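S.K.: Going down the list, the sequences are from chains D, E and L.
For the record, in the first sequence the residue sitting at position 101 is 101 according to my numbering, with numbers rising by one throughout.
For the record, in the second sequence the residue sitting at position 153 is 153 according to my numbering, with numbers rising by one throughout.
For the record, in the third sequence the residue sitting at position 251 is 251 according to my numbering, with numbers rising by one throughout.
Keep in mind that the hints were calculated from the coordinates and are not lab data.
Do not take every clue at face value.
[What the hints assert, rightly or not] Using 30 Å as the maximum straight-line C-alpha spacing, the simulated DSS-like pairs for lysine-lysine come out as follows:
id	chain 1	residue 1	chain 2	residue 2
1	L	LYS131	D	LYS200
2	L	LYS74	E	LYS27
3	L	LYS108	D	LYS200
4	L	LYS16	D	LYS219
5	D	LYS219	L	LYS168
6	E	LYS27	L	LYS16
7	L	LYS102	E	LYS27
8	E	LYS78	D	LYS200
9	L	LYS74	D	LYS219
10	D	LYS219	L	LYS102
11	L	LYS102	D	LYS200
12	D	LYS200	L	LYS16
[Unchecked claim] Only part of the chain L face toward chain E is listed, based on derived beta-carbon distances under 8 Å:
id	residue
13	GLU55
14	ASP70
15	LEU71
16	THR72
[Said to hold, decoys possible] Here are a few chain D residues that sit away from chain L, every Cβ distance over 12 Å (derived from the structure):
id	residue
17	GLN39
18	LEU41
19	ILE52
20	GLY80
21	VAL82
22	LEU98
23	LYS256
24	THR286
25	ALA290
The structure presented is a predicted model; accordingly, all values stated were derived computationally and were not measured.
Even glycine gets a Cβ: it sits at the ideal position worked out from N, Cα and C.
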Amino acid sequence: MASTPASTKLSAAVAAPVAAAPRVRRWRTWRGRRRLGGQVLFYLGVLVVLLIALFPFYWILRTSLESNAEFVQGVGSTNGLVPAHLTLSSYIDDFTQLHFLTPLLNSAIVAFGTTVVTIVVASLAGYALARLPIRGGGAILTFVLLAGFFPVLAMVGPLFLLYRDLGLLDNIYPLIITYLVYTLPLSTWLLRNFFAQIPKELEEAALVDGASRLQTLRKVVIPVSIPAVFTAGILSFILAWNDFAFALSFLDSPSKFTAPLAIVVFGQSQFETYFNRIDAAVVVITIPIAILVLIAQRRIVSGLTAGSLKG
Amino acid sequence: MGTRSVARRLRLPSIGGPPPIAGVARKADRRLGYALVAPAVLLLLLVTGFPLAYNLWNSFHNVILSNAGAPQNFVGLKNYAELFTTTGFPQALARTLGFMVVSVVLETIAGLALALMLHRAFRGRGLLRAAILIPWAVPTVVSALLWTTMFDPRSGFVDYLLGILHLPGSQTTWLAGEWTAWAAVLVADAWKNVPFIAIILLAGLQLIPGDVYEAARIDGASTWQSFRRMTLPLLRPALMVALVFRTLQAFLVFDIIYIMTGGGPGTTTETLSYLNWQAFLVDTNFGFGGAISVSLVVISLLMAGAIVFVMRPRT
Amino acid sequence: MATIELDHVTKVYPNKNQAVSELSLDVADGEFMVLVGPSGCGKTTALRMVAGLEEISGGTVRIGGRVVNDLTPKERDVAMVFQNYALYPHMTVGENIGFSLKLRHLDKAEINRRVQEAGQTLGLESMLNVKPASLSGGQRQRVAMGRALVREPAAFLMDEPLSNLDAKLRVQMRAEVSRIQRRLGVATLYVTHDQTEAMTMGDRVAVLAHGVLQQCEPPQTLYDHPANLFVAAFIGSPAMNIYQGEMEADGGEMAVRLGDHRIVIPPSQQEARPALGGYRGRQLAVGIRPEHLAVGHELPDNPSIIPAEIDLLESLGAEVIVHFRIKADHIRPEGAVPEGEDQTMPLTIGAGVSDKTAPGVARVDPRVQLKVGETVTLVPDTDHLQFFDLETGAAISS
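Just chain D, same shape as in the assembly:
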């Protein structure tokens, strides 16, 4: 449509008033001021939350970098938010004198082991519950979920007796199975929900192509579900790494401790509690988890909430 002189004049007339109007400064108007004030308050709130969440980490980092002398001196004017003298002596001591590497390795082995077992078992169970005609599938799923709420301490006693009879005390490998009570319920729920919403035509095509159910699971369903499997893995790792009660109850020799247990026992065994050394260990155990969270926070969030609400 060619623009005639009339139409250009018109568009100019329309455009002009808008351009010519003075821009009202936000803080001049009453409402603008309230809104701006509200925003400031909001960001202030965000800042407060950030501080509450992260400052404690700074504090233990700071404490871990204190020398023994400073620690004994205590927090004060010279030794305030930043220690007077920064030193890595706590870290060195933890790894040399206390052999902190061993518990770290133990934790890693167990957490990885639990994660691997969880993923396999939860995938199989999740697929069966989502796609196969089992009678009582609802009951089975309910049981799996309820198992996640079972009091940990109620398990400690009998399992202690069982492991003792089997000669499995003071051994990190039974922990892999034990930790499944943390990881299986959530992972099965997560994977089952994910599998359920894969278009069933995909699996039907595989069946028609000549795949058995298991082949379909292995070659089509799982590859398509990698994000969910990954999420289940991350969450399982975090949950397994987190345990304290079972480790406390079943492990005896320091060389068998998991990291959480090691830190607590070392801390309690000193005559004087050297927080700088404890905190060094705490920092070391925190870092991998923090990195994991930063990389995978979206996944973690979606995993925690997956299906728990939409059902």
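Go by the hints and put chains E and L onto chain D.
M.R.: Showing chains E and L alone in chain D's frame:
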């Protein structure tokens, strides 16, 4: 009455599940299905069902390992009776329930506030979310030791801050007094768990369609009114999930207590789980410990059921 | 020998819904059989029963002579194209096509050869290493067909493969699919709701309604000799005009009255439909296809003329579709309106006109000068009238 209809009655989120892929060879598929769920079910039975059964058995017997040589004979309800007489169980129960109520109430309110904050789209939202996830993700041990450090009179931040601000209490040995110890425990617990509640509630908030609020605003509802009448009811399912998790976890709290206070000062912070641990691994009294365990399981189930029942979504 | 035989096949769901009732159908080796019907008629269910994706409640399905009722899809050796193609998103096009061969542990070289060959037939050679996500709808559909091509299956099944494509592409793909099917040379069962697809692609077309087979014949036969009201109204676009009429009780010549109008039934019809005589004095349904109505202004020397008022003229270039109204009672068999057409539309054109009028459609040469609103004369080609019993819906023939 199958679980499916029970689930439907309670309006639990689809426990029933979608229809499985139909097809020929149904029987083979069914057998395969049972085979595939078997590992999960068996493993979980091993770690939950077996202990429950063993505990039940032991609770009716006199099983004290340190008392080697004593016959483990049947003692009926003696262990259960003991729960209520001399052993500190009732006090622990009261304390635990008290902690549970206080922590759940405070943490839920804080979690809701945090969720509302995260619900607003603002620059740095991702950073905030990642930041609050870390306290949840790190082991409870970290939270416990971190706050033990923070509350330490000599090397902690709390007393330091109080001192700088010239507020009273800057020389408190927090873990040495009953109420201050509980306060410290509460802080450590909240720091770790408020993010979890916030995440769950945030997901619930995100499910609420935006036009609901617009309609309310057109109808003249104030912010508070629309919050109370729209947000809260629609948040019911999420609140239910968060409450079930947190209430049970608070009721069964152990790690923080053991690490921060060891039940102390004295026995003033002993919770039921702590008592349970003590019975099993200190007193090696598996009969009594069994009784405690069974009680814990029963009470937990009842509480979970009650919450689900009260909070069930009413469509 | 690849044939498909359905023998009184029935499907009843647990909620007592009967999706397919006693369906009997034979597809010969290499034949392209189309299963057509409105949505919900059971055609997809029937197809899935042949594939092994749905349990068979009753009857027998045979593929290549073997009874397959209890066999898994794998054991039946059928190839299937799904409505949404169901391509494996994590595999390349080549891997998608070759998946079934890999499952059979064919040797790699052989798999490659077959995949290459299929790729060439389908024009996909350049895309074999690409993932399905980056393909267009038409390309994805070809990949889905490729899965069948490499296999030499005992039967070929297709579930509305063209319905997700846009109109132009659909016309193109119809030819493609036919070509590929001929190349495959295997008994093929093709499900669609689009009667145009059915007519253009099928060797024979089976019309289904409510799970019951209405008629199974070559397309032209269905068109010229529909077995009942449903088939008559479903097949053909624009649909056949069907009105309620009454046969004159007596008199030398046979005639039927549609409302105020009288149509003489020629001897050719009386010969072809001996049973017509038994309808003297009774009500019946009379149908005439749009192309068998001549529209004009003069009053020709023809006893069977019907005056009509023009509601709408649709000019299609090669012909004009005339929507008219006549004074008669209209019959619209339930469920016979093709997918996508508004079920209520035909009744609203010209709504507000006094009752006792019925709509109708005629196809005329564009050279005839017509105006909306004018009254014209319709001359039916009485040799092509169709007659149906009002109770059973069946065509009145012998």
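S.K.: Mind listing which of the numbered hints don't hold for this structure, in increasing order?
M.R.: Structure breaks hints 4, 5 and 8.
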